[in-house]
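Read top to bottom, the protein sequences are chains Z and D. FYI, this note's numbering numbers position 245 of the first sequence as 245, with every residue one higher than the one before it. FYI, this note's numbering numbers position 125 of the second sequence as 125, with every residue one higher than the one before it.
If you are wondering where the hints come from, they were derived from the structure by calculation, not from laboratory data. It cannot be assumed that every hint is accurate.
Part of the chain Z face toward chain D, derived, beta carbon under 8 Å [claimed, not checked]:
#1 Thr95
#2 Arg96
#3 Gln279
#4 Val284
Glycine included, every Cβ here is placed at the ideal spot set by N, Cα and C.
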Amino acid sequence: MTLTHIAIFGALTFLAAFLSDRLRGFFLFTLSVLAVYALQPALPIRYLDFWLPTAALGLTFVFWISLTPRESRFTRGNLLSAAWMGLLILTLALTRFLPSAPSPLTPSVPPRLELVFAALLVVAALAALTGRVRFGWVHAVGLTALVVLLAVLKSPEASLWAAKTLRLANGQSVETASSFDIRWLGFSYIAFRIIHTLRERRMGTLPEVSLREYATYIFFYPALTAGPIDRLERFVKDLRAPFKPADEDWIVVVQRVGLGLFKKFVLADSLALMALSAQNAAQVRSAGWAWILLYAYAFQIFLDFSGYTDIAIGLARMVGIRLPENFNAPYLRANLTQFWNNWHITLTMWFRAYFFNPLTRFLRMRRFPVWLVIFVTQFSTMVLIGAWHGLTVNFLVWGLWQGLGLFVHNRWSDALRARFAEWASTPLRQNVLNVSGVFLTFHFVALGWVWFALPTPALAVQFFGRLLGI
Amino acid sequence: MNETFNLPRALLKGLFLYLVVVLLIAFPLPNLGKLSAYNSLFPGRPRLPFGENPSEAYNFSLFDLDAMFASHEISAGPKPADEFRVLVFGDSSVWGTLLRPEETLSAQLNASAPAYCGKSARFYNLGYPTIAAAKDLMLMDYAARYQPDQIIWLTSLEAFPLDKQLDTPLVANNASAVDALIEKCDLPLDPRDPALVRPDFWDRTLIGQRRNLADLVRLQLYGAQWAATGVDQVYPPYPAPQTDFADGDDKFHNLRPPLDPSALAYDVLAAGMNHAPAPILLVNEPIMISRGRNSDIRYNFFYPRWAYDSYRGQLKVRADAEGWNYLDAWNIVPSSEFTNSAIHLTPAGETVLAQAILAALQPSCP
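Model the full assembly from the supplied sequences, consistent with the hints where possible.
If you want it as structure tokens, here you go:
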């Protein structure tokens, strides 16, 4: 999100705060649908920057059908929401006829109207089909499709292949195809929210929600680009509750949005000018400066990400949505487990709920040794989190790095907890222990960022050498 | 919670404070550019900030002379007692386009480690990559505060057409410095020239100055990358300078033979020579002499032969008449030692030039 986006969303959300409860829900739904298009970056493949948001909306509609009991699907409210969603998409398509096309609502000129209409018919047909099959099938096929789609988007090779295929289909040159041709804004978060609802429905714990509520949850514009990943039942509880902003809400809004803007656009963007990058990693001349670049990166990534979260939380609070916290002073944690309980909290919780805990239960039921269960679950969870950022060797190594750290910390703390507790008998010793823990944890995480920030293992190894003065 | 909180009142107060801050900045902020992280947190730059690709060069162009000089190594501290300070002015060939900091003319002069008047000579690169005599004069005037013992001013015919003196962005955006020069040196330049950027009231508010303020901050931030990497320029592949020329193309700006001296800013040159804070060695810098099609008409991309030959003759006559210390180095570098332009030299070309300058540099000691 740019400053302009934030200013526009801020102004519109401010207006929404003073609407009646019923109108506010409708307003947030409309704004969230439009935001999917407005935030999508322009892409070189013709019309793709219109089709990707449309596909996101279509998928959401199809999955909502499968998640909703048959008798609740065709209520007046849901029919109106579906019609309104379709109408919004067609209206956006109509902006191609504006003299100043593209309008600010779409990144480039939308495709022809009849194509958009045909796409809506396909979505409707798919929804009708989905509504007839058993949920178990939708669950299996939907999960597989979302994971495959994520894998294609996160893998440079697969993205390049997809870009070439789409270019060929469009009659465009494949010579200039790049893995960056397909950037689907917010899809990681959209997919994770949809998977969350599929899994909860499978477990029978998903509340029944209207199409308007479901789409607002999936595309809620403050959290579309950088999270947090809320839970549906919690989000909808806020959305449904009568709300009139109180003084304390405005204080939170001003504090969180102000803090977020400062963290992202002043501190993080400044640090970005001196942070570790693929370019300067090979250029840096001394170990001292290599450490400074690394520290700059560590703080830049934290301030950037947590700044966006602050802005999202502040904007949402204006309309009574209390988005969950995503960061809680992670660099001040005394061990790696605590770090991961306080860094990108909602993503970690998502993986814990839908991968780590089920896998742990599965392995324990088969009576594997505890250490092996911990080893397998920690490593596989962190590798998956690495893969979520990108299917490259370096992201996978970063996941392994974190998995190794968590495993070692787990075994080490189990073995030595009693001895350390005995040693740290005075407040001073306790403080020494804490400060040492924070120092070691921060540096373990910061060194892990080398894998995250640099594109190839060779460059990362070269930079580690530079950090050691080699 | 705070019971006195009132949203409309808070918004009004916020707006009022915002306007106060914005408008209070609407007066010049003297010395802001002199606040610099260079020469303290980061080493000073060996050449003035300039660059069109900041994210790769860790360097970029700005117009604040205070900030530019504060980031330069010449601002590292008081002049040492045993230093014979030589300032080198000129265009991109002096600044060192496509040359690493250790390959520039000034660096090569320093590498020779000459001594004058019992002191070690230290050469400072104050070249800047635009070609205009008024720009050199403005930088020279600013640099007087650094107590030079000697100045070397490299120039070329392209620096003298009158119509381009105030068009250079660095000059155009320093109108007050130009005004002062016009008054001090009685220059034949028009202070009402529309090229000169004169900020109005709103341009001086915080909003109007946001770009300049951001540039100041960015310059400091890029200091970290400069210090970490030693990179201050991108070195892309480049095309060789043009050696073939269209038939009959003998134009030089809007001038026709014979070359009219009044169409050239020789007065700006004379002002520099007469008002300089130290003795000057004036150098007519090397140019590439083409051997291609129609090279009997043009020396290179910049110069038709008639214009350049006339200029050299006029400059020699003037230098002799005024008693200037003058080195005409126009043809001392072979054409193979030019990079992407008819005035940009290779490191070997700079070595040839440095040797010629050292031979011609004979400072008079007090």
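Report task. Answer holds if the nearest beta-carbon of chain D is closer than 8 Å to that of Arg96(Z); otherwise answer violated. Result -> At about 35 Å, which exceeds the 8 Å cut-off, the nearest Cβ of chain D leaves the hint on Arg96(Z) violated.
Query raised in the report: For the hint on Thr95(Z), does the least C-beta distance to chain D fall short of 8 Å?
Result: violated (31 Å)
Query - Restraint check, 8 Å cut-off on beta carbons, for Gln279(Z) near chain D - result: Result: holds, 7 Å to nearest chain D Cβ.
Query raised in the report: Should the hint that Val284(Z) touches chain D count as held when the rule is a Cβ pair under 8 Å?
Result: At about 5 Å, which falls below the 8 Å cut-off, the nearest Cβ of chain D leaves the hint on Val284(Z) intact, so it holds.
Violated hints, in rising order: 1, 2; the structure is consistent with all others.
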